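Line by line, the protein sequences are chains A and B.
Residue 260 is where the first sequence starts when you use our numbering, and the numbers rise one by one after that.
Residue 1395 is where the second sequence starts when you use our numbering, and the numbers rise one by one after that.
If you're looking for bench data, these hints aren't it; they were derived computationally from the structure.
Do not take every clue at face value.
To be verified - Computed list of lysine-lysine pairs in DSSO-like fashion (alpha-carbon distance at most 30 Å, straight line):
{"#": "1", "chain 1": "B", "residue 1": "K1478", "chain 2": "A", "residue 2": "K311"}
{"#": "2", "chain 1": "B", "residue 1": "K1415", "chain 2": "A", "residue 2": "K374"}
{"#": "3", "chain 1": "B", "residue 1": "K1415", "chain 2": "A", "residue 2": "K340"}
{"#": "4", "chain 1": "A", "residue 1": "K342", "chain 2": "B", "residue 2": "K1539"}
{"#": "5", "chain 1": "B", "residue 1": "K1470", "chain 2": "B", "residue 2": "K1415"}
{"#": "6", "chain 1": "B", "residue 1": "K1465", "chain 2": "A", "residue 2": "K374"}
{"#": "7", "chain 1": "B", "residue 1": "K1415", "chain 2": "B", "residue 2": "K1530"}
{"#": "8", "chain 1": "A", "residue 1": "K374", "chain 2": "A", "residue 2": "K397"}
{"#": "9", "chain 1": "A", "residue 1": "K342", "chain 2": "A", "residue 2": "K397"}
{"#": "10", "chain 1": "B", "residue 1": "K1539", "chain 2": "A", "residue 2": "K397"}
{"#": "11", "chain 1": "B", "residue 1": "K1465", "chain 2": "B", "residue 2": "K1478"}
{"#": "12", "chain 1": "B", "residue 1": "K1465", "chain 2": "A", "residue 2": "K342"}
{"#": "13", "chain 1": "A", "residue 1": "K311", "chain 2": "B", "residue 2": "K1470"}
{"#": "14", "chain 1": "B", "residue 1": "K1530", "chain 2": "A", "residue 2": "K311"}
{"#": "15", "chain 1": "B", "residue 1": "K1478", "chain 2": "B", "residue 2": "K1530"}
{"#": "16", "chain 1": "A", "residue 1": "K342", "chain 2": "B", "residue 2": "K1415"}
{"#": "17", "chain 1": "B", "residue 1": "K1530", "chain 2": "A", "residue 2": "K397"}
{"#": "18", "chain 1": "B", "residue 1": "K1478", "chain 2": "A", "residue 2": "K397"}
{"#": "19", "chain 1": "A", "residue 1": "K374", "chain 2": "A", "residue 2": "K340"}
{"#": "20", "chain 1": "A", "residue 1": "K342", "chain 2": "A", "residue 2": "K374"}
{"#": "21", "chain 1": "B", "residue 1": "K1539", "chain 2": "A", "residue 2": "K340"}
{"#": "22", "chain 1": "B", "residue 1": "K1415", "chain 2": "A", "residue 2": "K397"}
{"#": "23", "chain 1": "B", "residue 1": "K1530", "chain 2": "B", "residue 2": "K1465"}
{"#": "24", "chain 1": "B", "residue 1": "K1465", "chain 2": "A", "residue 2": "K311"}
{"#": "25", "chain 1": "B", "residue 1": "K1470", "chain 2": "B", "residue 2": "K1539"}
{"#": "26", "chain 1": "B", "residue 1": "K1530", "chain 2": "A", "residue 2": "K340"}
{"#": "27", "chain 1": "A", "residue 1": "K340", "chain 2": "A", "residue 2": "K397"}
{"#": "28", "chain 1": "A", "residue 1": "K397", "chain 2": "A", "residue 2": "K271"}
{"#": "29", "chain 1": "B", "residue 1": "K1530", "chain 2": "A", "residue 2": "K374"}
{"#": "30", "chain 1": "B", "residue 1": "K1539", "chain 2": "B", "residue 2": "K1415"}
{"#": "31", "chain 1": "B", "residue 1": "K1532", "chain 2": "B", "residue 2": "K1470"}
{"#": "32", "chain 1": "B", "residue 1": "K1465", "chain 2": "B", "residue 2": "K1415"}
{"#": "33", "chain 1": "B", "residue 1": "K1470", "chain 2": "A", "residue 2": "K342"}
{"#": "34", "chain 1": "B", "residue 1": "K1539", "chain 2": "B", "residue 2": "K1478"}
{"#": "35", "chain 1": "B", "residue 1": "K1470", "chain 2": "A", "residue 2": "K374"}
{"#": "36", "chain 1": "A", "residue 1": "K374", "chain 2": "A", "residue 2": "K311"}
Predicted, not measured: the structure shown is a model, and the values here were computed from it.
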Amino acid sequence: MVELDHSFSTGKPTDYNWEAILDLDRVIPCVEGGSVVERTSPESATAEILVKMGAMSMNFRGTVEVAERDDDAHRAVLRVKSKDLGGQGYANADVVFSVADGGGTIHTAARISGKAASMGEGIVQNVLDALITDFTQKLATI
Amino acid sequence: MLGPACGTLTVRTGKAGAASKAGHNLRMEVTDWHATLDLGDQPTLAVSVDPHSLRVIEGTGGVMPLGDEEKDAIVKTIDDDVLKGRAIEFNSSRVDVDASGHLVNVEGELQLFDRRRPVAFALTLDDDGHVEGTAKLKHSDFGVKPFSALFGTLKVADDVEVAVDATTRSQDDG
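Whole structure, please, built from the sequences with the hints as guidance.
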């Protein structure tokens, strides 16, 4: 299990940020290589993420759903369950968003197995940290 | 004259960054190059490389083995994102041959990434016309950031090694 904390700034009011992070069509493409394959309900989607590792790449496909939401506290959990299409591995994560006026925080708890995990937990943590940092920069303009 | 028909021009790159374990040290060959080494009264060396002609021969040190598909993808990345077809040429400004005639010190300018920078290296030359030598280059000397992936956690190392191992032929040999 890799756990990471990040924050993001949008400069937008709380309600705007809350609506934005619950809109999977807007949030998922903010992950580099991420795309919505199909909306399965207002709060779930089938999605893919293509992670390029130089010449190699890994393609994860699975579901993203709003697993928990507290509209008063502006706290939501997006649950990601995905499988590596080219191997036996998986990448699952609970991503907890707490939004406020101007931005918010993200707590990520991820479990990754297979080829990606074979790089070692330290490397997975570094790459995931870089991926989420990039994600927060894209959220800034959502 | 030197070229692929009488030897190899090899490029070696390493890896860097927090996720370097996922990357590979690459050994590549230039498949279209030619060089003229003139050891007359005023010795000179000129080298010209087709920037589209690199081929990945071997990748070592990665978590996963490097297959043909990945090797081809690296060549495409080099073509599209790194060299971008820009000319690669070296012209000597000074070539010193030692008394034995076997050690040749070369200085000159290398054109790479649309920039010209001074480069110096040594060649050894035996009586049969066999030439060997290695030049050590740095991306940073050319003001270029090495290619990176995975949000900058996996990078090509700054240092690049270019080695020649060939047997000279006179121009008459074709």
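Here is what the structure says about each hint:
no. : hint              : verdict
1   : B:K1478 x A:K311  : 20 Å, holds
2   : B:K1415 x A:K374  : 12 Å, holds
3   : B:K1415 x A:K340  : 26 Å, holds
4   : A:K342 x B:K1539  : 34 Å, violated
5   : B:K1470 x B:K1415 : 22 Å, holds
6   : B:K1465 x A:K374  : 19 Å, holds
7   : B:K1415 x B:K1530 : 23 Å, holds
8   : A:K374 x A:K397   : 27 Å, holds
9   : A:K342 x A:K397   : 24 Å, holds
10  : B:K1539 x A:K397  : 23 Å, holds
11  : B:K1465 x B:K1478 : 17 Å, holds
12  : B:K1465 x A:K342  : 25 Å, holds
13  : A:K311 x B:K1470  : 14 Å, holds
14  : B:K1530 x A:K311  : 29 Å, holds
15  : B:K1478 x B:K1530 : 21 Å, holds
16  : A:K342 x B:K1415  : 22 Å, holds
17  : B:K1530 x A:K397  : 39 Å, violated
18  : B:K1478 x A:K397  : 28 Å, holds
19  : A:K374 x A:K340   : 16 Å, holds
20  : A:K342 x A:K374   : 11 Å, holds
21  : B:K1539 x A:K340  : 36 Å, violated
22  : B:K1415 x A:K397  : 27 Å, holds
23  : B:K1530 x B:K1465 : 23 Å, holds
24  : B:K1465 x A:K311  : 14 Å, holds
25  : B:K1470 x B:K1539 : 18 Å, holds
26  : B:K1530 x A:K340  : 46 Å, violated
27  : A:K340 x A:K397   : 22 Å, holds
28  : A:K397 x A:K271   : 14 Å, holds
29  : B:K1530 x A:K374  : 34 Å, violated
30  : B:K1539 x B:K1415 : 20 Å, holds
31  : B:K1532 x B:K1470 : 21 Å, holds
32  : B:K1465 x B:K1415 : 17 Å, holds
33  : B:K1470 x A:K342  : 28 Å, holds
34  : B:K1539 x B:K1478 : 14 Å, holds
35  : B:K1470 x A:K374  : 24 Å, holds
36  : A:K374 x A:K311   : 13 Å, holds
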